[in-house]
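Taken in order, these protein sequences are the chains called A and B. Note that this note's numbering numbers the first sequence so that position 177 is 177, with each residue one more than the last. Note that this note's numbering numbers the second sequence so that position 3 is 3, with each residue one more than the last.
Simulated from the structure, these hints should not be mistaken for lab results. All values derive from a computational prediction rather than experimental measurement. Ideal Cβ placement from N, Cα and C applies to all residues, glycine included. Accuracy of the hints is not assured; some may be wrong.
Stretches of chain A that chain B covers, calculated by requiring three or more beta carbons in the stretch to come under 8 Å of a beta carbon on chain B [said to hold, decoys possible]: (1) 102–109; (2) 128–141; (3) 250–264.
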Amino acid sequence: MSRAALLAAPAVLLVVLVLGAALLTALLQSLGLLPLFGEPEFSTAAWTDGGALVESAGVSLYIATTSTLLAVVVGFLIAAYALTAGRGGRLIAALSAATIPIPHLVASGAIGLLLTDAGFLARLLGMPEGFPQLVGTDWWTAAILEFAWKESAFVALVVLGGISRSAAALSETAATLGASARQRILHVILPLARLPLGVAGLVVFVYTFGSYEAPWLLGPVAPEPLSVRAVRLFGSVDLAARPEAMATALTSVGIAVAVIGLGVLGLALLARGSRRRSPRRSQQHSQLPSSRRSGAGS
Amino acid sequence: MSALASGPARMGSRRPRAALSLRRVLPVVLGTALLIWVLLPLVPVALWSVAGEWRAPAVLPEAWSSQALTTLVSPEVLQAGLRSAALGLGVAVTGTVLGALAAFGLRQLPRTQARILGFILLAPLAIPPFALVMGANVLLLSARVPTFAAVLIVLTVTALPYTAYMFHVALASYDWRFEEVARTLGASPTRVLLSVRMALLAPAIARAGFLAFLVGWSDYITTVLIGGGQLRTLPMLLGSAASTTGGEQLTAALSLAMIAPPVILLILLARWGQRGRSPQ
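Let the sequences and hints guide you as you build the complete structure.
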């Protein structure tokens, strides 16, 4: 084995071992072939057990989709504001980035304190009669808002990291040429940000899809998303629940892998599309700053 | 904000006044909305952590108390904090070292091999953490790995995609000529590693280490599923406080205890990084 392979070996072997063992064990247990006690007996009951698995998958997909959409929209607004609003924009971008190290568990607790029936938001608004129930509803509002709050900061960070240099120059140029902030956001920043938004969106979707803390703390008791269902069944005293727990876990793995496959494919197409347009854009790019420079010089 | 207000609209075009003021008001509204979005969820945490009595319609606590914050220095919470710190540091060390080694190895491998191994290293990102832990738990239990070590192993696997990627990015712009020069000047391999490579890669080491620390420090699901409640870390205490009614003060205080160390660490790292970059 080469020296290079030896260097990579500890990390790669650790991942292969833990991941491989985890997936294999989960598969065997879901089929009844690796019971905690007693004789192994092949059974697909955990996989075909009514609509519970499908319902949980639906809940997980709903939470992940809405959270991702909200996070991408708000994250883009933060990034666009940071790029067009001067010092105020940079301040908001910095504050938003500072929330990234906050764990989801802490954020879930915080959103709980904010949004419960007599929570801080309701008190701020003077406890109005029609204040909607946000925590523990069938719409998962509080859990979705927790994800959107945490992940919008991540989206903004990815977008700003990816385009701030090119977007700042182009946006400034467009402003000199008379573009309004709205025009700059829609016609300069948004086209540049499409790829980073797509990448960040995919990461957020997969993360929220497999996340446990927010739906557990802020969601209703039933129906459960895949993560909450799997963890409940895994910890159940009823040992027969183990195959169902593993089937639920593997369902989430399968969906996550499929979404990543589709997402990467979509991102590759998006990247190719923007690369095809890029010769024209790079031409504009090289022209615009020079016209600005000559304008500034005159 | 001045950049938004300037531009042709101000320079004498005869737009109706309503449109002009909307143009000025909109950015302010958006900025305020975003500021509220970012900060509002943290306000109740800060208030509850020092609230004595705070009943429903009151917008601010009626009485203040340091009781919740005092519980943070109780032996139980301090021990949990130490366990979390040990887990964070453990994942930071193993995750950063293994990630760095892997990134160095991958660079020297043929392209196809490097791609396949890189793909394997990113794979944990695709697996929902709870699914990874549930499967791995059976193996770790049957191998009689102690709880703390088992949690550490699984969290290292979770952290490896981030650390390996950080070093991959850092190595892309790494200038190997510094090491060559040091060697020609007679530096030993150890000296080159410590004084040249580690020094030049210090920002990447800090970044990767911080991310890996966060993975260990803030983990909930892995500790719950593997530890089964035996390994009482800070997130365990927070989880049980947040899921009980009437636990607002404790939830808020424990939240602060979980936020403060990473933020302090981040500030220290940022200051240290600035000092490293400033000219002599």
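How the hints compare with the structure:
1. 102–109: Holds, because 8 residues of the segment 102–109 of chain A bring their Cβ atoms closer than 8 Å to Cβ atoms of chain B.
2. 128–141: violated (count 0)
3. 250–264: holds (count 6)
Consistency note: the structure conflicts with earlier hint 2 alone.
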